[in-house]
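Q: Given next are the chains, with one letter for each unit.
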Amino acid sequence: MRFVDEFRDPDLARATLAEIRKTVTRPWVLMEICGGQTHSIMRYGLEQLLPREVELVHGPGCPVCVTPLEQIDKALEIASRPEVIFASYGDMLRVPGSGMDLFSVRAAGGDVRVVYSPLDAVRLAQQHTDREVVFFAIGFETTAPANAMAVEHAKELGLENFSVLVSHARVPPAMHAILRSPDCRVQGFLAAGHVCAVMGYWEYRPVAEQYHVPIVVTGFEPIDILQGILMAVRQLEGGRAEVENAYPRAVVEGGNEPAQEMIDRVFMVCDRKWRGIGNIPSSGWCLRPEYARYDAELRFAVSGIAPQESELCLSGAILQGLKKPPDCPAFGRECTPEAPQGATMVSSEGACAAYYRYGLSERATASPQ
Amino acid sequence: MCLGVPGRIIEIYEHEGLRKCKVDFGGVVREACLDFVPQAEVGDYAVIHVGFAISLVSQQEAQETLNLLRQIASVEQELGAQPSGEVRP
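Chains as they are written, first to last, in our numbering: chain A, 2 to 370; chain B, 100 to 188.
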C-alpha cells in the first residue's frame, strides 16, 4: 500500500538504526505517547533492535485504557436500560467496569451495538425514533472532531433521541502531569502523529521549553518511529529541547483548522479523571452548555456509581511510564487479554496487550529496578 | 482506534449535508466524511479516523522524508557499516 510499504522498508530501517547507534553515546529514556505507536514498536520488535542506551517507555495514549472506571460504570448502567440502544467503538466492549463489561450487558439483553464511526450512531437514532440512542464518545484529539460533528449533525437533523456519554482526553496536560511527577524518567517524547494531525504541534513548544525535553511529532510505521527516535536522540545528544516534526506528510504545525473549529463549537476544556492516573486539570473536553440536551449523563441522571478497581493491576504506573507490563505480578497470569484485570490489557492499543500479543513477557524487557 | 492508515479517495458525494467519500485501503473500501478536509479530491490519500478524514497525505513531504533517510542509507553503505539485527516481519 502506498505511504505504508515505503515506510516499512527493511533497508531503510537498518540504516536508520545504524545512524541511531552512531549518534547515541549514553542512556536516554524516550516515551512514545500513543498506544498505536506502542503497538507498532512491539509488532516490529523495534525495542530489541535499538541500542541498549535507548529505552522506550510507553505512554498514556490509549483512549480505551484511560477512560475512567466511573464512565464505564455509567455506560453499563445506561446500556442496561430497555429503551436505550447503546453505540460504542468496538474496543470498549470488553473493558471491565467494576463488575461487568458491555458484552455482558448485551448478553443480559441490553441493546449494545458496535459502530465504526459516530455518524453510524446518528443513523441509528434516525432509524429508531422510538428508542434512545446513546453514543459512548471517548478518545483523544483524534476522535474529538468526529464525535463533535456527530452531535452537531444530530442537532441539524433535529434528532431528539440522540445523546453522548463523553469521556474525552487531551494529550498536552497529560505530558505536563508525567513531567511533573518526581519519579519521571522521561527525557524526550515521540508525540502522537495523528493527534498532531488534528491539533498541530504549537501546543508542545511551551512544554519542550518548560521541562527542557525534546518532542518529536512521530508517525506509526516502523521507519517513522525510528526516524522520530533518531531526531529525539540527536537533540538529546546535542543538548537541545525543541519540537520537531518527523511526520510532515500528515502533520502541519497549525493542525487541521476545520476539525479544531468543530471541537471548539461543541466541546469545552474541563478537568478529567484518567483511569489509573487520577484527575488531571484541563485534560478533557465536555459538552458546552448549549449542547447539554445531548449529554447522556444529564438525560439519564446516572448517579450512585462507586467504582472498584482491581487490586492487582499496575496499569496506572504503566500508563505514566513508571513501570512496564512484565513488572506486574499479574501479567500473563491472572491478567490476560481473555481475562483482563485492567485497561492496559483490554485494548489492542494498551501496552500490556501489545507485550502479551508479541510475546515480550521476559524480565529482560522489564524496567530497571 | 488510533491505528489510522492512509487510504485513497476513489469517489466523492454529498449525503444529508455532509461531504462524504469512498476510501480504498488496499482493496477494502469504507465510507468517510470529508468535512474536515474540504480541499480533498479524488485520487488524494487521506488519514482516516473513525470515519472522518483528518489529514491529506502530502506526497512531496513523504518523498522528502524518504530521500533524507535514503541518503543516510547510502552513506552507511559507503562506510561499509554492518548493522546487526533484522526487521520483522
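Some hints could be false.
Under the rule of at most 30 Å between Cα atoms (straight-line distance), these lysine-lysine pairs were calculated in the DSSO-like manner [to be verified]:
id : chain 1 : residue 1 : chain 2 : residue 2
1  : A       : K274      : A       : K324
2  : A       : K274      : A       : K156
3  : A       : K156      : B       : K121
4  : B       : K121      : A       : K324
From the structure, some residues in chain B lie toward chain A, with a derived Cβ separation under 7 Å [claimed, not checked]:
id : residue
5  : G125
6  : V127
7  : F135
8  : Q138
9  : V149
10 : G150
11 : V156
12 : L165
13 : N166
14 : L168
15 : Q170
16 : E175
Hint data in this document are derived by calculation from the structure and do not stem from the laboratory. Just so you know, even glycine gets a beta-carbon here, dropped at the ideal spot from N, CA and C.
Q: Which of the numbered hints above does this structure break?
A: Failing hints, ascending: 4, 6, 8, 13, 15.
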